[in-house]
Structures are given as structure tokens and as C-alpha cells.
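Peer 1: Given next are the chains, with one letter for each unit.
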Amino acid sequence: MPRVEPRQITVQPPITGQETLLDVQDITVSFDGFRAIQNLSLKVPRGSLRVLIGPNGAGKSTLLDTIIGKVRPVGGRVLFAGRDITRLPEHVIAGLGICRKFQAPGVLEGLSVRENLLLAARKHKGVFATIQGRPTQAEETRVQELLTLTGLKGKADVSAAELAHGEKQWLEIAMVVAADPELLLLDEPTAGMTAQETAQTAELIRSLVGKHTVMVIDHDMHFVELLQAPITLLHQGQVFREGDLDTLRRDPEVMEIYLGRPKENAHA
Amino acid sequence: MLKVENVSAAYGQSPVLFGVNLDVADAEAVTLIGRNGVGKTTLMRTIMGLHPVSAGGVRLNGEQVEQEPAFVRARGGLAFVPQGRGLFPHLSVHENLLMGLPALSTRETAKKEIPELVYDLFPICRDMAGRKAGNLSGGQQQQVAIGRALVTQPKYLLLDEPTEGIQPSIVQEIEAALTRIRRELRVAVLLVEQYLDFAWAFAERYYVLQRGVIVESGHTARTPQADVQRYMSV
Amino acid sequence: MDAVFLAGQMFTGLSVASILLLVALGLALSFGLMRVINMAHGELLMVGGYLTYLCAQQLGPNFLWAAFPVAFLGTALLGALLEVLVIRRLYGRPLDTLLATFGISLIMQQAARQLFGSTGVPVTAPGWLAGTLTLHGGPLDGLAFPHVRLFVIALSLLVLGSVWWLLTRSRFGMQVRAVNQSREMASALGVNTRRVDLLVFALGSGIAGLAGVGLAMIAPVNPTVGGAYIVNAFLVVVVGGVGSVLGGAVAALILGAMTALAEGLTSVSLAQAIVLIAVVAFLQWKPRGLLPTQSRALEEA
Amino acid sequence: MNAAQKLNSAAHARRELRNVPLWPAVTVLALALLPFFVSGYPLALLGRVLALAIAALGVSVVWGRTGILSLGQGLFFGLGGYALGMHLKLVATPKGELPDFMVYNGVEKLPWFWAPFHSAPFALLMVVLLPGLAAYLIGWLMFRRRITGVFVSIITQALVLAFVTWLNGSQGLTSGTNGLTDFQTVLGASVRDPQFPRTLYWVTLAALVGCFAFTSWLLGTPFGSLLTAVRDNENRSRFLGFNPAAFKVAAFVLGGVLAGISGALYTLHLGTISPAMIGVAFSIELVVWVALGGRASLWGAAGGMILGMVAKDRISSAAPESWLYIMGGLFVLVVLFLPQGVSGWLQERRKLTEGHIPIIHREDAHAQS
Amino acid sequence: QDTVKVGVLHSLTGTMAISEITVANAAQLAVDEINAAGGVLGKKLTVVKEDGASDWPTFATKAEKLLTQDKVAVVFGGWTSASRKAMLPVFEKNKGLLFYPVQFEGNECSPNIIYTGAQPNQQALPALDWALSKGYRNIFLLGSDYVYPRTANLILKKHIADRKATLAGEEYVALGGTEFSSVINKIKAAKPQIIINTLNGDSNVSFFKQYQAAGYSAKTLPVISFSIAEQEAQSIGPALLSGQYATWNYFQSLPNAANKKFVAAYKKKFGANSAITDPMAHAYMDVYLWKAAVEKAKSFDPSVVRKAIVGISMDSPLGKITVDKSGSLTQAVYTGQSGAGGQFRVVAQSKGVVAPQPYDKLAFPGKTCP
Ligand SMILES: Nc1ncnc2c1ncn2[C@@H]1O[C@H](COP(=O)(O)OP(=O)(O)OP(=O)(O)O)[C@@H](O)[C@H]1O
Ligand SMILES: Nc1ncnc2c1ncn2[C@@H]1O[C@H](COP(=O)(O)OP(=O)(O)OP(=O)(O)O)[C@@H](O)[C@H]1O
Ligand SMILES: NC(N)=O
Ligand SMILES: [Mg+2]
Ligand SMILES: [Mg+2]
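Chains as they are written, first to last, in my numbering: chain A, 437 to 704; chain B, 548 to 781; chain C, 500 to 800; chain D, 3 to 371; chain E, 12 to 381.
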């Protein structure tokens with residue numbers, strides 16, 4: 437649990453009347469002069485679900501990169517539970533309670549599926565803590581649950597390297613959930629999943645909301661619809677629209693840059 | 548004609564494909580569907596020559612090619628857009644496109660340059676020509692990858708989940724582009740897809756793969772999506 | 500310290516840099532592009548040296564012009580042989596190539612010992628390379644540039660230019676880089692990756708052979724001479740940024756200058772330790788070398 | 003869950019090992035009883051290579067488990083060896099005199115860093131502490147800056163070369179190329195005592211068994227999984243909240259300390275420690291024999307070192323003029339045909355006969371950058 | 012049993028193989044000759060050859076193997092002082108006997124080693140005397156960075172000061188070093204009249220190539236070397252070395268009868284192009300010396316042989332030599348000048364033979380062998 441340092445609490449009132457957990461303030465990210473994100477601000481209340489959509493290259497993944505410290509902004513700052521995390525090392529940010537699923541699945545290939553989850557579920561992450569501590573009963577149980585939930589139970593002792601693409605996708609989602617973080621960042625969790633799996637994932641995510649705060653990126657409008665959450669649409673590194681799916685679907689500019697012709701966005 | 552005859556394949560000692568039969572006629576659009584992990588990607592890689600067959604054969608234009616390395620098959624008219632796109636991350640977008648040309652080195656008649664159609668279909672290939680491919684966003688990479696496959700002027704195009712991670716409007720564009728490719732270039736397409744909507748809209752025939760075995764095949768026009776839906780559920 | 504001494508040391512720096520570069524360029528190909536850590540690279544230099552010796556024996560004083568093609572082709576062929584027999588089976592296992600080529604280097608050393616004797620063979624630079632270019636008058640009166648050194652500098656610049664052009668400006672270079680990044684995809688696009696691998700490794704070896712000709716003018720030709728250069732050559736490649744030919748050139752210059760400075764100010768034997776530590780410190784600052792090849796995709800995957 | 007999949011997990015492999023504690027016990031017992039049947043040169047040779055096997059354990063942790071190929075283990079080996087050697091040299095020097103090499107180099111006062119080595123406990127502490135600290139410092143500098151793969155190999159190689167160059171160039175302080183020789187007594191026992199070789203052999207064996215037990219226990223804890231995690235996907239572990247640098251440094255320190263202990267024991271066996279025995283070639287050799295045995299397993303690493311070094315000794319005696327061909331050829335063949343070393347090959351065969359799935363990770367993930 | 016084993020332990024591989032293989036050959040030649048003539052005390056000698064691999068600890072372990080496993084009566088071997096120092100405790104512990112054929116820095120006298128190479132007063136100091144006598148009074152000391160050059164130069168510096176000559180500079184290069192630009196630049200700045208060169212091994216090749224490239228020659232700046240003999244001259248290239256000096260106890264060109272026989276026999280066995288050097292001659296003679304001692308002692312027991320060897324005197328390729336009680340030789344010293352063919356022409360020689368002095372009186376006053 438992060439300690440909230442009083443003097444760093446932001447003065448701005450939270451949008452939904454709840455406490456703001458993630459507060460992205462005016463960040464700009466530049467790659468060799470190319471501005472992938474420009475003066476972007478965004479607030480996510482504690483316990484809420486937020487969907488991030490936007491054209492390919494809009495800067496969605498880069499935004500997540502910035503939050504978890506993989507990419508450092510040239511301007512602006514990121515507050516998490518009131519604390520400025522903009523310059524903290526990645527593992528410290530993760531330790532504060534932010535966990536991310538990457539767009540390309542990232543699992544620990546040399547370990548079994550179960551070990552992947554056990555490591556993710558560990559509370560104590562220091563060198564000496566890992567030497568001393570075997571997994572707790574609670575961690576074991578949690579891992580069992582997740583194995584069942586994600587359908588990976590049959591492959592619990594298989595090395596993660598041997599999973600098919602979609603299975604790795606599931607494993608990584610399970611790892612993020614096992615880590616039990618305050619804030620979950622999911623980058624295209626349903627890519628490569630069947631319709632039914634997509635629905636399951638949506639259900640899983642909805643079950644997390646409240647206790648956790650979740651931010652999801654996806655291009656699958658079915659999925660987005662199932663999530664029933666406020667949407668932020670990024671375009672060219674900036675917030676372009678905020679609102680619910682129906683409003684966005686009626687917006688001609690949104691159709692133009694992102695959704696395409698109305699008839700066919702059913703399938704994608 | 549691209550013909551897969553009784554192909555089996557394995558990772559080490561663990562078999563993944565068991566005697567798969569499949570064919571794609573010239574200029575035909577065929578889709579291969581199936582749940583996660585049933586072996587779709589493995590089959591595509593085996594056809595391309597990136598994974599060895601443990602039994603069975605692959606016939607390209609009537610010739611047995613299952614023992615030929617991938618580059619020979621590429622020169623014979625096979626192109627592959629893998630899951631995960633497979634761009635060369637340190638090469639620029641333009642250089643990635645140029646890398647389609649070696650496939651033409653043995654085809655005397657072919658013009659060894661990037662067809663204008665590629666820029667037409669995927670303007671990003673021109674707009675971002677100088678950028679390092681590895682720095683593009685996922686959707687951008689997918690477009691370049693398909694564009695690059697077209698540079699090889701293929702007869703058969705193997706696409707492994709091309710819409711994965713692509714924004715809706717571009718999915719439409721890709722769909723339109725693929726349709727144009729088929730119509731204008733008469734390229735046959737073998738498409739692996741999870742999205743039945745897309746697969747059914749695009750393809751004429753389908754195969755369902757389950758645990759390494761083709762369990763059903765037919766014409767999309769004659770089979771309602773709902774009939775195959777059960778193969779896709781957990 | 501007088502001006503002539505200082506100027507002399509600056510030239511020393513340049514001269515050392517040219518040798519480092521010459522030795523490292525072949526590695527920049529095999530190591531930077533094919534991820535083959537060729538511990539036998541030093542022995543390929545040695546082969547270049549012995550081939551120079553054979554030319555000198557056969558042809559007398561004007562052997563040098565023949566030595567370049569002979570050494571280049573000879574070592575390139577040897578490199579091709581190694582590629583086919585060993586390296587080819589190890590792509591994608593860079594650390595294993597290190598171990599295997601270390602074994603090859605032992606074999607080559609012993610072979611040289613039994614073919615040419617342990618003592619080493621004499622190679623003397625031709626007469627026209629024996630003199631010096633000496634400044635007369637002015638503040639640098641007496642400053643001398645040995646012809647041999649100027650020759651090696653010119654040789655390394657020539658090889659540098661050719662390699663740079665080949666890699667960054669030619670179609671072949673592009674294919675090489677593509678194969679380096681994804682062997683599978685390159686193959687799926689019609690590139691005969693085996694042929695590319697073979698050519699690159701042979702080329703890197705051939706360049707080692709050319710370097711061997713240059714070195715034979717200033718250093719011994721004996722079975723163990725390769726060991727004297729191998730560590731420094733790897734340092735140049737690493738400091739320059741793996742895969743970057745120009746980075747390697749700059750790195751060679753910096754290392755050369757640093758060596759000359761440290762040798763000038765302290766003793767020659769201490770200088771090496773100082774330079775090595777400085778390199779490690781430098782990598783603290785630039786962990787991926789001067790001109791790193793970076794990409795988002797690689798890091799994320 | 004089918005039996006085939008079961009075996010593929012590292013956790014399972016470990017559990018299985020614990021179920022068959024018989025053959026390790028037999029091996030250790032046989033080794034312990036050996037001095038009653040063998041003496042003289044063969045025993046000395048075996049003792050020597052047992053000492054080196056301790057360094058091999060370190061290589062297995064650092065390389066096999068954590069994916070860091072250090073070509074500078076000689077540095078830590080040397081620090082351990084010199085820490086003990088300095089003490090032994092002082093003990094062998096008559097009271098009030100300077101070690102002979104200092105006299106010949108015109109040194110008139112015992113250098114400050116030599117003085118504490120009069121104390122045996124201090125020297126023994128330094129055998130562990132010096133390499134440990136050096137590894138900590140080097141590891142911290144490298145891994146904090148995310149230096150990986152071949153960069154680490156080349157930097158460590160440069161460092162060991164720098165160390166050797168310094169030793170060679172500082173003769174008044176270190177005895178240079180000659181190194182430290184001519185020791186007389188160890189903790190009061192004369193090295194010429196006929197019982198000394200046996201005692202030393204048992205001490206070495208005990209040290210090896212102790213180090214082995216400790217290391218394998220450590221790798222069995224979640225710490226061990228973390229090392230694998232860091233090796234396979236450093237970023238993933240980082241974004242799960244683990245600090246990969248800390249784990250790499252920890253592994254590196256462990257590898258360094260093991261090398262240091264090995265170096266100290268080896269120094270006792272040879273009766274000398276010199277730059278020649280810790281340089282680049284030695285460091286590569288360590289790695290090669292570990293690769294031969296199989297870097298992923300402690301048994302493989304230690305066994306590879308023991309077999310490799312004995313083989314080298316025998317072959318070089320049998321064919322003093324052409325043994326390099328045999329050695330060089332062996333290196334090449336092992337790498338080509340036993341990519342996972344002998345232990346990896348045995349494991350694969352066992353799986354095959356039992357119908358399990360062998361997985362060969364051809365890529366050294368860390369070496370990609 | 013009618014054979015007795017003798018060990019030959021030199022570097023057959025690695026950097027030192029350059030120098031040591033031919034020394035091993037010379038020892039082998041002597042053994043073959045002795046066997047052909049009937050052996051020693053009626054027994055044939057069998058050589059157990061081991062490779063020290065240019066690695067000092069390997070010398071120690073191989074020595075241990077020779078003594079404890081093969082149980083050889085004597086070992087001929089070693090070149091660098093470091094290898095000798097590594098072997099010394101092994102020979103003392105196992106009561107073995109080592110014949111060491113190379114010039115060294117002194118400061119050592121083990122009862123288990125017969126030091127037949129030159130002590131500093133049998134090579135370095137006579138060379139200095141010769142240089143001073145020729146009027147070269149500003150001296151640059153250049154050496155490889157290890158114990159022999161450092162100690163030899165320590166002694167030389169005391170004597171240079173004692174003789175009121177000047178030290179122009181002093182520089183060391185790591186063993187095997189190949190880059191001499193800076194060194195030559197420093198030499199240029201120091202403007203010496205002569206260089207005393209204690210570089211070892213292939214560094215000499217680099218040095219002389221680069222020295223010549225920088226415009227120097229024996230005429231403009233002479234070099235007198237202690238580790239360059241006929242063989243090194245061959246691999247440097249005689250042209251590069253032409254006119255330079257070396258000081259040794261032996262040159263291939265020595266006209267005595269024993270030497271003529273030795274040179275002819277060696278060339279017959281190892282090729283007509285072979286160059287023959289001081290350490291080779293010492294190694295060859297060492298075997299005969301040991302034979303003489305064994306025959307005098309009527310025993311192969313090393314400790315008995317060691318006692319018997321003191322005072323033995325014989326005519327060898329080096330001329331007349333005698334073993335003194337410290338186990339070193341009383342022998343003559345020659346300074347030679349290199350000619351176009353790679354052979355040295357003797358330009359100066361000691362008056363008679365010079366007795367060994369393991370500890371230099373000026374540098375290490377008060378020290379003697381027991
Ligand atoms: N490391 C980098 N170097 C250079 N440019 C980069 C880098 N990372 C991202 N970019 C660029 O920044 C822009 C935003 O990329 P980002 O990956 O955030 O898009 P995205 O919204 O996640 O797209 P997608 O939906 O396709 O995943 C793109 O134009 C991309 O090319
Ligand atoms: N490198 C590998 N080693 C061992 N087994 C593998 C490997 N890659 C895939 N597999 C196994 O082979 C089977 C088929 O995998 P494949 O990638 O072909 O499935 P897929 O149908 O493409 O799945 P997805 O829809 O998730 O992409 C899976 O069970 C997977 O676990
Ligand atoms: N004794 C010598 N030359 O090392
Ligand atoms: Mg993205
Ligand atoms: Mg797939």
C-alpha cells in the first residue's frame with residue numbers, strides 16, 4: 437500500500453466525486469523529436485473502470501508506458517494516489533500497486549505457468565524476502581482460483597514458453613490479476629481471443645472493478661460495449677473525446693478517424 | 548493450387564498437427580478457424596517452411612515443396628504475414644518494403660520494385676517511409692507487414708490473424724484492401740481468424756481446426772456462422 | 500613535455516586507433532551483425548600474416564600487392580569453411596559461438612605451430628615503406644611519421660569506408676541487417692539466409708586477413724599473435740555500439756587517444772589497465788555504446 | 003494434467019531430485035573414502051579439480067540460472083586466492099623481514115594493505131569478503147545501468163585483464179608475474195607434512211559439499227525462480243515489482259564468493275597463486291567446462307569441471323605436442339552436439355524414454371541485445 | 012630394470028612455446044646421444060615430456076606429476092622465472108632435481124635446482140661494462156614487465172649510478188605487448204646513446220619493426236639485448252637486426268669443437284635451417300652435466316647427485332664450465348654483433364670464466380647463498 441503524503445495531494449476535485457487514484461497531468465512524450473503524446477491530462481477515480489481507445493499510433497500504449505515508468509515524459513507529471521511517480525524506478529512504481537499487461541504478451545518463459553502466477557502474487561519482492569519466503573497459503577489459493585478461471589489449470593505445470601499465443605495472453609492477464617494491484621493497466625487483453633473468451637474477459641474485468649481500478653485499451657468494440665465504462669478516445673497524442681460508446685458512435689469525427697463506417701463496426 | 552496433404556508437425560516430441568489436409572485454389576479466399584492453441588499458427592508456419600513437417604507434404608503449383616527452405620517457397624509465390632507482424636525492427640519502413648524484393652529474384656518477368664498499389668492500399672507506407680519499423684504502433688506495423696507481403700507479388704498469401712490489435716476503421720480498410728488484392732491481383736488468401744464475422748465476410752470456404760485435426764470444412768455461404776460457433780467456445 | 504613529444508603521442512593515438520579499427524572491423528560484421536562472438540578472429544589475423552609471409556617468400560620485395568588479395572581470399576575461404584562446418588549450426592546461440600570458436604582458435608594456433616614452427620616467421624616491410632616522413636623546421640621540427648604507420652592508417656580508412664558503404668548503402672547490406680533481425684522472416688521473404696550468413700562470415704574473415712597483412716608490417720607473425728588483439732577488438736565493437744560500424748570507428752579513435760595519453764603520462768604497462776578501467780566507466784555512462792541500435796519492439800518482446 | 007507436462011516444470015524437477023537423494027549421497031561417500039585407496043598425484047589432481055568445481059557452481063548460478071555470462075570469474079577467483087596467499091606468504095616470512103620479492107623490488111616497508119593479513123581470521127574473512135565486495139561493486143555498476151548480454155561478457159573480460167595487468171605491473175606489491183609462492187605452513191600445519199594432501203583433500207571436499215548444498219537450497223527458494231524470471235524476461239519481472247538489478251547483483255555476488263573460495267582452496271593445492279592462473283584464458287576455460295557438463299544444473303556444472311579438468315590433465319600428458327587439437331575439437335563438438343551439456347543431454351534422454359516433452363531453449367534471451 | 016626416466020618440462024604451447032620448444036628439443040637431442048652411446052650407468056634414458064603451456068601453475072602440477080607419478084630421476088625445464096618459482100616448492104617438497112637453463116635475475120638458490128643460465132653478473136653487468144667501455148654513457152632501459160627485467164634493471168641502475176653514467180629512461184611493456192609507438196616516442200625524447208633491452212619473446216619482433224620504421228638503426232641508436240639470440244634474430248628478420256648487439260654465454264658461431272659437433276647434430280635432427288641459442292646450448296649441456304654427476308655419484312638419487320655435481324667441470328659447446336657449490340655455473344661471457352645472416356659475431360668476451368654471483372653486492376648487500 438502506498439503511503440499518501442499529505443502535501444502531495446492534488447487540490448483538483450475528482451470528476452466523479454470519488455478520490456482520484458491516477459492523475460496524469462499535462463504530460464508530453466517525445467521520441468527523437470516526434471511527439472507521441474502532447475500535453476495530455478487524464479484523471480481516473482479510485483475503484484473505477486476506464487476504457488482507452490483511439491487509432492493505431494494514437495499514443496495509448498505510450499501513455500501506459502509513461503505511467504509505469506518505462507518511458508519518461510519530457511514534460512508534465514504522473515500522480516498515483518497523490519504521490520508523484522514520474523521519476524521513480526519501474527519496480528518501485530510496480531511496488532506501489534500498478535501492474536500492466538503488455539500488448540505483446542510478456543510471460544516468464546523459463547518458469548511453469550504456476551510459477552509465473554506465484555511470482556506475480558508475491559507480496560514481498562526484495563532479494564532477501566524471496567530467499568526466506570515460500571508462497572503463503574493465501575497466495576497458493578489465489579493462484580489455484582486464477583488457473584481455474586482462465587482455463588489454464590490443465591497447463592499449470594507446463595513451461596510458459598510452450599503456450600500458444602492466446603494462452604500466453606490469458607496467462608498474462610492472470611498474472612496481472614494475481615499481483616492484486618491497486619491499478620491494473622490492460623493493453624489489448626482480448627487480441628486474438630474468440631468472441632466467447634472476450635466476453636469472459638469482460639466479465640472478469642468487471643468483477644475486479646470497485647476493489648481495483650482498471651484501465652483497458654482495446655480495439656474490439658464488442659468488448660468495449662460489454663465493459664460498460666466511460667471511454668477516453670486518444671488521437672495524435674491528445675485526449676480527443678470522452679464519453680460513453682453510444683455518444684462516440686454517433687460522432688462523425690470519431691467515425692472518420694477511428695470507427696469507420698457505422699454498418700460494419702459490428703464485427704471489429 | 549496450394550495443397551496441404553496429410554501434414555503432421557510437432558514441437559520436439561509433442562505432436563501438434565495430425566494429418567491435416569487442406570487446399571487453396573488460385574485466387575480463392577479460404578479461412579482457417581479454431582480456438583487458441585489448436586495449431587493454426589503452426590500450420591501456417593509449416594506451409595511457409597518455417598517449421599518442419601514430421602509427415603505429409605505441401606504442394607505449391609503442383610510441386611512438392613515440403614523439403615524446400617522457406618526462401619524457395621517465397622520465390623515460388625508464397626507470402627506470409629505472421630501473428631505479431633514480423634517486421635524488421637531496425638530497418639525503416641521503406642527498407643522493410645524493399646525486403647520483399649528478394650522473393651522476385653528468380654522471376655524474370657517481374658518488375659523488381661514496390662508496386663504503387665501498396666502505397667494506395669496503405670498510405671502509411673509512404674507517410675512513415677523513413678521511420679524505424681520497430682517504433683511504429685501495432686496497427687501501423689500490421690499494415691506495413693501486409694504491404695511488404697504484397698511486394699513479393701505472391702500467388703498465395705498466408706495471413707495469421709491480421710486484424711488483431713487493429714483499429715476498427717483500418718480493419719475495414721484491410722478487409723477492403725484484401726478484397727481488392729484478390730480482385731485486382733488474383734492472389735489467393737489463406738486467412739487465420741478468430742472473428743467469424745470478418746472471416747465469413749471475406750472467405751469463400753472455411754476449415755475448422757481442433758486439436759491439430761481438421762474437423763470440418765465447407766463453404767461460408769452455405770454454412771451459418773452459428774454452426775461453427777461451437778468449435779470456438781471453451 | 501615538449502611539443503614534439505605531444506604531437507608524437509597524438510600521432511601514436513591515431514596510429515593505435517587505426518590498428519584497433521582494422522582489427523575490429525571484421526568483428527563488427529560477424530559479431531555486430533551475425534551475433535557470432537568469434538574468438539578465432541585473432542587467429543584469422545594470424546592467417547593473414549602467414550599468407551603475407553608466403554607471398555613475401557614467393558615474390559620477393561614487391562609482395563605487398565599480391566598479399567592483399569591472397570590474404571583476403573585465403574582467410575575468406577577459411578572463414579567460409581568454418582561457417583559451413585561449425586558456425587552455421589550455432590545461429591541464435593551467441594554465447595555458444597564464443598565457446599566453439601575458442602576451441603577453433605586453439606586448433607588454429609596449434610596448426611600454425613606445426614606448419615610454420617613455434618618461433619614465428621619474419622616479414623619485413625618493403626623498402627618504400629621503411630622510411631619516415633619527417634617535419635623540418637617550425638615548432639614541430641623533427642616530428643616523424645613512419646611510412647608504415649601512415650600505410651596502416653590509410654588501409655583502415657579504406658576498409659572502414661567499404662564496410663560502411665556495403666552495410667548501409669547496398670541492397671546486400673540491407674538483407675544482411677534483415678537476416679540479423681529476423682532470420683525467419685527474411686527467409687519467408689525469399690532471402691537465402693544461409694548464403695547471406697556464409698557471405699557475411701567469409702567477408703568478416705577476409706577483412707581479418709587484410710588486417711593481418713597490415714599488422715605483419717609492425718607486429719610479429721607467430722602462432723600466438725592473435726591473442727594480443729582479441730580483447731581490444733571486442734572492446735572497440737562494444738564501446739562503439741554493437742552493429743554500428745561508425746560507432747566502432749569513433750570508439751577506436753577514443754581508445755587510441757586514451758591509450759596514447761595514458762602511455763604518455765604514466766608508464767606503458769600501467770596504461771593498459773587504466774584504459775580498460777576507463778572503458779568500463781564509459782559503459783556506465785553509455786551502457787549500449789556510443790551509437791546503439793535501439794528499438795521499442797526488441798525491448799518489449 | 004498428464005504426466006508428460008508435469009515434468010517440464012523446474013519446480014517439479016527439483017521435487018523429483020529430492021525424491022532420489024541416494025546417488026548424491028553415494029557419490030559424496032565414495033569421494034570421501036577415496037584417500038584410503040588412492041594417494042599421490044591422482045589424489046592431488048582430484049583435490050585440485052574439486053576446488054575448481056566450487057567456482058563451477060558459481061558459473062552455473064550466474065550463467066545457467068541468471069543468464070549472465072561472466073568471462074571474468076578469474077578476477078574473483080584471484081581475489082580469494084591472493085587473500086589467502088598473502089597470509090601464507092607473511093607466515094612463511096621470518097619475523098621482522100619483508101617478503102623476499104619486496105626486497106628484490108626495492109620496497110622498504112610493508113604496504114598498508116598487507117599488514118592485516120598477518121591475522122589468519124582476517125585473511126579467511128577476506129577470502130569471502132573481497133570477491134563478494136568486488137562482485138557487488140562490479141555487478142551493481144553494470145546491472146544498475148542495465149548492461150546485459152555480451153556487453154557483460156566483454157566488460158568482465160576487460161576487468162579481469164585489467165586486474166591481471168595491474169598485478170603484473172605492480173611487482174613490489176604483488177610479486178607480479180611470479181605471484182606468491184613458497185608457502186610453508188597453513189594454520190600451523192606444514193605443507194610438507196605427508197598427511198597434508200589428504201587433509202586438504204577432505205577440507206576441499208567438505209567445502210564443495212557445503213557450497214553445493216547451500217547453493218541448491220538457495221535455488222530451490224522463490225529466489226531461484228526469480229533468477230530464471232530475470233533471465234528470461236527482465237522487463238516482465240521489473241513490472242511485477244521485482245528489481246532485476248538486485249537479483250542479478252545477488253547472483254553475481256554468490257558467483258563471486260564461490261569463485262573466491264575456490265581460488266583460495268586452489269591456491270593451497272598448487273602452493274602458488276599468480277596472475278597466470280586467473281586470466282582471460284582461465285576464465286573462459288571455467289565457462290567451457292561448465293558448458294560441457296551443462297550449465298543449467300549444479301551437478302552438470304560441477305561434474306563438467308571435474309571431468310574436463312581431469313581430461314585436460316591426462317590428455318596433455320599423453321600428447322603434450324598435440325593435445326590442443328583434442329581440447330579444441332572437444333570444445334567444438336560439445337557445443338555442436340550437446341548444446342545443453344552432458345546433464346542436459348541426459349535429462350532429455352530420460353524424458354524421451356519416459357515419453358516426456360523435451361524443450362530446448364535455443365535462444366539465450368539475454369544475449370539478444 | 013634397465014631404463015631410467017627423465018622429465019622434460021617446457022612450454023610446448025602458448026606464448027612461451029616460441030622460445031621453449033627448441034630448448035626441449037636440445038635436451039631431447041642430448042638424451043638421444045647419450046642413449047646411443049650406451050646410456051647412464053648402463054641404463055637407457057626415457058624422456059617423459061610434459062607441456063607447461065606457458066602457464067606457471069601448470070608447471071607446478073606437471074612437475075608434481077613427473078616427480079610423484081612418473082618418479083623421474085631429474086627434470087630439465089623451465090624458462091621464465093615465474094615458472095621456476097612455481098616449481099621450486101614442488102621440487103623441494105618431493106626432493107627432486109631441476110636443471111634450469113635460462114639466464115635469470117639471481118636472488119635464489121634452492122638446493123633442488125641447478126641454475127645453469129647466466130646470473131646477472133654473467134650477462135647484464137658485463138654488457139653494461141662493454142657499453143660503458145664503448146663510450147655509451149646515457150642509457151635507456153627497456154624491458155618486459157616481469158621479474159627478470161625489473162630485477163636486472165634494478166641491479167643495472169645501481170651500477171650505472173656507481174659508474175657515474177646516466178639513466179636516460181626506463182620503460183616496461185607487458186609480456187606479449189605489440190605496440191611500441193609511445194615507447195619509441197619516449198626514447199626519442201630521452202635521447203639515449205644506447206638501449207639495454209630486456210624485452211622477452213615476441214615483443215622483440217614488434218619493437219624492432221617499429222624501431223626501424225621510426226627511422227632508427229644500429230648506427231643511430233644501438234640496442235644491446237639479453238633475450239635475443241639466433242632464433243629471435245631469425246623471426247625478427249636478420250635485416251632488421253643487423254648491427255645490433257647481444258650478450259650471452261654462448262653463440263652458435265663459437266668455434267670450439269664441442270659446439271661444432273652440437274650444431275651439426277642438432278641441424279641433422281631438426282633441420283638445416285635451425286638456429287641455435289644460448290638456452291638451447293645450456294639445456295643440451297645440462298643433460299651431460301647430470302650424466303657426469305650421476306656417474307660420479309654412481310646413483311640416480313637426486314640428493315646424492317646434487318652433492319656430487321659440485322665441482323664437476325667439462326668442455327661443452329659453451330666452452331669450459333664448472334659447477335660451483337651454489338649449483339650455478341662458472342662460465343664465459345660473450346658480446347656479439349648481429350650480422351646479415353642472423354648469426355652473431357663475437358666482438359668482446361670476458362677474461363676467462365666468470366664465477367656466479369646469485370646476489371648482487373651493490374643491490375642486495377649482505378645476501379649470500381647458504
Ligand atoms: N520507442 C519509440 N520510438 C519512436 N517512436 C515511438 C516509440 N514508441 C512509440 N512510438 C510512436 O509513438 C506513437 C504512439 O505509439 P503507441 O504505441 O503508443 O500507439 P497505440 O495508440 O498504442 O497504437 P496501437 O493501437 O496500434 O497499439 C506511434 O506513432 C509510434 O510509432
Ligand atoms: N515453441 C513451442 N514449443 C512447444 N510447444 C509449442 C510451441 N509453440 C506452440 N506450441 C504448442 O503448440 C500448440 C499449437 O500452437 P499454435 O501457436 O499453433 O496455436 P494457434 O492455434 O495459433 O493458437 P492462437 O490462436 O493462440 O494463436 C499449442 O498447444 C502450444 O502450446
Ligand atoms: N629468467 C627469465 N628470463 O625469465
Ligand atoms: Mg498499443
Ligand atoms: Mg496463433
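Since the hints were made in silico from the structure, they are not lab data. Any given hint could turn out to be false.
[Claimed, not checked] Computed footprint of chain C on chain D, listed as stretches where at least three residues anywhere in the stretch have a Cβ under 8 Å from a Cβ of chain C: (1) 35 to 47; (2) 148 to 157; (3) 310 to 320; (4) 333 to 343.
Heads up, the beta-carbon is just placed ideally off N, CA and C, and yes, glycines get one too.
Peer 1: If you look at each residue in the stretch 35 to 47 of chain D, do at least three have a Cβ nearer than 8 Å to any Cβ of chain C?
Peer 2: Violated - the stretch 35 to 47 of chain D has 0 residues with a Cβ nearer than 8 Å to chain C, which falls short of three.
Peer 1: Examine the stretch 310 to 320 of chain D for residues whose CB is less than 8 Å from any CB of chain C, and state whether their number is three or more.
Peer 2: Violated: only 0 residues of the stretch 310 to 320 of chain D have a Cβ under 8 Å from chain C.
Peer 1: For the stretch 148 to 157 of chain D, count the residues whose Cβ lies under 8 Å from any Cβ of chain C; is that count three or more?
Peer 2: holds (count 8)
Peer 1: Mind checking, does the stretch 333 to 343 of chain D have 3 or more residues with a CB under 8 Å from chain C?
Peer 2: It holds: at least three residues are needed, and the stretch 333 to 343 of chain D offers 6 whose Cβ sits within less than 8 Å of chain C.
In this structure, the earlier hints numbered 1, 3 are contradicted, and the remaining ones agree with it.
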